[in-house]
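Listed here are the chains, written in short residue letters.
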Amino acid sequence: MQTAKSQSSLVLSLKKWWMKEASAYGFVSGYALMFLIFIAVPVLVAILLSFTFFDTIQPPHFLALKNYITLLTQDDIFMRYVLPNTIQFAVLVGPGGYLLSFILAWMLAQLPKVPRTIFALILYSPSMTAGVAMTVVWQALFSGDQTGYLNSFLLSLNLIQEPIQWLQSPHYLMPIMIIVTLWSSMGVGFLAMLAGILEINPELYEAGSIDGIRNRFQEIIYITIPSMKPQMLFGAVMAIVATFQAGSIGVTLSGSNPTPQYAGQLIVNHIEDYGFFRYEMGYAAAVSVVLLLMVWFFARVANRLFREE
Amino acid sequence: MRRRWFRTVSSYRNRGINPQGFHPSQIKFYLILLPLSAFMLLPIIFIFSHAFKPPDELFAYPPRFFVVNPTLKNFADLFSRMSASSIPVSRYLFNSIVVTVVTVVTSVVISSTAAYALSKKRFKLKQTLFAINTVALMFVPIAVTIPRFLIIERLHLMDTFWVHILPMLAMPVGLFLIKQFIDGIPDEVVEAAQIDGASDLWIYWQIILPMIRPAIATIAILSFQAAWNNADTSSLYITNESLKTFAFYLTTLTSTSAGANVVAGQGIAAAASLIMFLPNLIIFIFMQSQVMSTMSHSGLKG
Chain A
0 MQTAKSQSSL
10 VLSLKKWWMK
20 EASAYGFVSG
30 YALMFLIFIA
40 VPVLVAILLS
50 FTFFDTIQPP
60 HFLALKNYIT
70 LLTQDDIFMR
80 YVLPNTIQFA
90 VLVGPGGYLL
100 SFILAWMLAQ
110 LPKVPRTIFA
120 LILYSPSMTA
130 GVAMTVVWQA
140 LFSGDQTGYL
150 NSFLLSLNLI
160 QEPIQWLQSP
170 HYLMPIMIIV
180 TLWSSMGVGF
190 LAMLAGILEI
200 NPELYEAGSI
210 DGIRNRFQEI
220 IYITIPSMKP
230 QMLFGAVMAI
240 VATFQAGSIG
250 VTLSGSNPTP
260 QYAGQLIVNH
270 IEDYGFFRYE
280 MGYAAAVSVV
290 LLLMVWFFAR
300 VANRLFREE
Chain B
0 MRRRWFRTVS
10 SYRNRGINPQ
20 GFHPSQIKFY
30 LILLPLSAFM
40 LLPIIFIFSH
50 AFKPPDELFA
60 YPPRFFVVNP
70 TLKNFADLFS
80 RMSASSIPVS
90 RYLFNSIVVT
100 VVTVVTSVVI
110 SSTAAYALSK
120 KRFKLKQTLF
130 AINTVALMFV
140 PIAVTIPRFL
150 IIERLHLMDT
160 FWVHILPMLA
170 MPVGLFLIKQ
180 FIDGIPDEVV
190 EAAQIDGASD
200 LWIYWQIILP
210 MIRPAIATIA
220 ILSFQAAWNN
230 ADTSSLYITN
240 ESLKTFAFYL
250 TTLTSTSAGA
260 NVVAGQGIAA
270 AASLIMFLPN
280 LIIFIFMQSQ
290 VMSTMSHSGL
300 KG
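So the protein lines, in turn, are chains A and B. Quick note on numbering: numbering that gives the first Met the number 0 labels position 144 of the first sequence as 143, and the sequence is numbered without any gaps. Quick note on numbering: numbering that gives the first Met the number 0 labels position 256 of the second sequence as 255, and the sequence is numbered without any gaps.
Only chain A is shown next, with the shape it has when bound in the complex (with noise of 0.2 angstroms):
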């Protein structure tokens, strides 16, 4: 009878349990589900399929370290464009982004509350229009005839002797891309350091100052970024996805991929060249693992920075 009794509790605490678990299972599952077929499952099989040769006709078969070899030996166009392109643009971008983003935030942050919401939107609103509704701006501004609002510019200051094509030249293709970006740096990372500024404690500043603050730069390194380091991680993290998923401007902007003479090849447009243009997959793939683990060192480095003791 006891033992009876006992299993039925247990039955019941049991039951209990799993309808608790259950409902936070099943509150999780819309999310969890959408987020394993679109983000989860594609890594994973970018990751498999990189060790393969794949055309999307037959069935991939295994080439191990194939592709990646590959990669670092032979890929002309990868090492001597895509890789210093890559490189140049995600340094210049993404922590002159960064930095921008963060004085400009702490700029704001001396402002009362008007002015500093105006500036805010202001700034922050090149970041919404995310390339596509701007190409109409760049290719009025940066036309290659005398037409261009540029050219027409710098032509009438007796700068230039005869109109640039901007876009489609090597020269002047990369610093476009670079500023454009720029232009639209100001996102989500640049509205959490405002707010990250903002939420601290005055009292401390008062307190530096005591202790022997004297300037403001040494106010920025010795108290506001040491108090707002998960703000200044999450700006970080938000400033390296959007200079890697920024890839597609130069094609953007040139209207070819590739770009003219490969002046503005980044490692996504070398993606889509392998992968849609050649019907690369396993190749595509392998650049797709690299351009993660990049992203995925940055993101080491910015947490190194930044991590709380």
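The reader is advised that the hints may include incorrect statements.
Pairs of lysine to aspartate or glutamate, DMTMM-like flavour, derived with a Cα cap of 25 angstroms [unchecked claim]: (1) K120(B) with D195(B); (2) K15(A) with D195(B); (3) K300(B) with D195(B); (4) K125(B) with E307(A); (5) K72(B) with E56(B); (6) K300(B) with E218(A); (7) K14(A) with D186(B); (8) K15(A) with D186(B); (9) K14(A) with E56(B); (10) K120(B) with E218(A); (11) K15(A) with E190(B); (12) K14(A) with E190(B); (13) K125(B) with E20(A); (14) K228(A) with D182(B); (15) K27(B) with E218(A); (16) K27(B) with E202(A); (17) K300(B) with E202(A); (18) K300(B) with E307(A); (19) K27(B) with E20(A); (20) K300(B) with E198(A); (21) K15(A) with E152(B); (22) K123(B) with E20(A); (23) K27(B) with E205(A); (24) K112(A) with E205(A).
Read the hints as simulated data drawn from the structure, not as lab findings.
With chain A held as given, fit chain B onto it using these hints.
Chain B only, in chain A's frame:
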């Protein structure tokens, strides 16, 4: 001595973070921010100005930045025009609106329910799932275009409406921000309701949702921007012209490789660009204060 000390402290108060009003020390920031934001605004002002230019101003030489005789002709042309495959522009716009609305609503629902469970429920995989999502903040969708393509093909989603929506639903940043926001709600609030015998669904609907409106607004904006500006889905996964979106239509107007006459189509393209951009701006203006209050919870622990 005493006076000097007083002066430093009081000046700190005035020139510190989040000041209450104007102070001469702020002038230097205005001197930097005003020209910079004017520069940042130029391309955006240009969209507005360009979209209303009559043909003679669009092709004037020397080119003019600001419109002189604004006209709605470009918009009229845009809507009276058919695409190369005789689909009216309104169809693309309709597709974009439907896709965006469904994406925003669904992603808000699945992210907020998941965030509630991850923040307030106790279950075995909780820590693991949140850790995975945090790693996925680093996820760059553009890197997995090819495996996604293969999966979408395998699931027979090619050329369906769903392919616009489903891949956009799981947004690691969105889940992360809502979960952090819900963490700010004291556990006692939820526990009290549980003791009263409230179901999870009731707690989520009646207690959590009303308290996390700012976070909801924020991820609604983020998912709106992702869905509304998305042209890749139409070009990669859709061949049926009547299922493509307005963002895609805009790329056909501006892309030289698609054979568009960039010069002649400039007015139409400018009008279309403005239609692309405006909803982003309006929504953000209305929700900016909610976004800011969400962002103060955005910290990422290393």
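Going down the list of hints, with the structure as the test:
no. : hint                 : verdict
1   : K120(B) with D195(B) : holds (16 angstroms)
2   : K15(A) with D195(B)  : holds (16 angstroms)
3   : K300(B) with D195(B) : violated (34 angstroms)
4   : K125(B) with E307(A) : holds (22 angstroms)
5   : K72(B) with E56(B)   : holds (12 angstroms)
6   : K300(B) with E218(A) : holds (22 angstroms)
7   : K14(A) with D186(B)  : holds (24 angstroms)
8   : K15(A) with D186(B)  : holds (20 angstroms)
9   : K14(A) with E56(B)   : violated (74 angstroms)
10  : K120(B) with E218(A) : violated (40 angstroms)
11  : K15(A) with E190(B)  : holds (16 angstroms)
12  : K14(A) with E190(B)  : holds (20 angstroms)
13  : K125(B) with E20(A)  : holds (10 angstroms)
14  : K228(A) with D182(B) : holds (18 angstroms)
15  : K27(B) with E218(A)  : holds (17 angstroms)
16  : K27(B) with E202(A)  : holds (24 angstroms)
17  : K300(B) with E202(A) : holds (23 angstroms)
18  : K300(B) with E307(A) : holds (7 angstroms)
19  : K27(B) with E20(A)   : violated (56 angstroms)
20  : K300(B) with E198(A) : holds (16 angstroms)
21  : K15(A) with E152(B)  : violated (41 angstroms)
22  : K123(B) with E20(A)  : holds (8 angstroms)
23  : K27(B) with E205(A)  : holds (22 angstroms)
24  : K112(A) with E205(A) : holds (21 angstroms)
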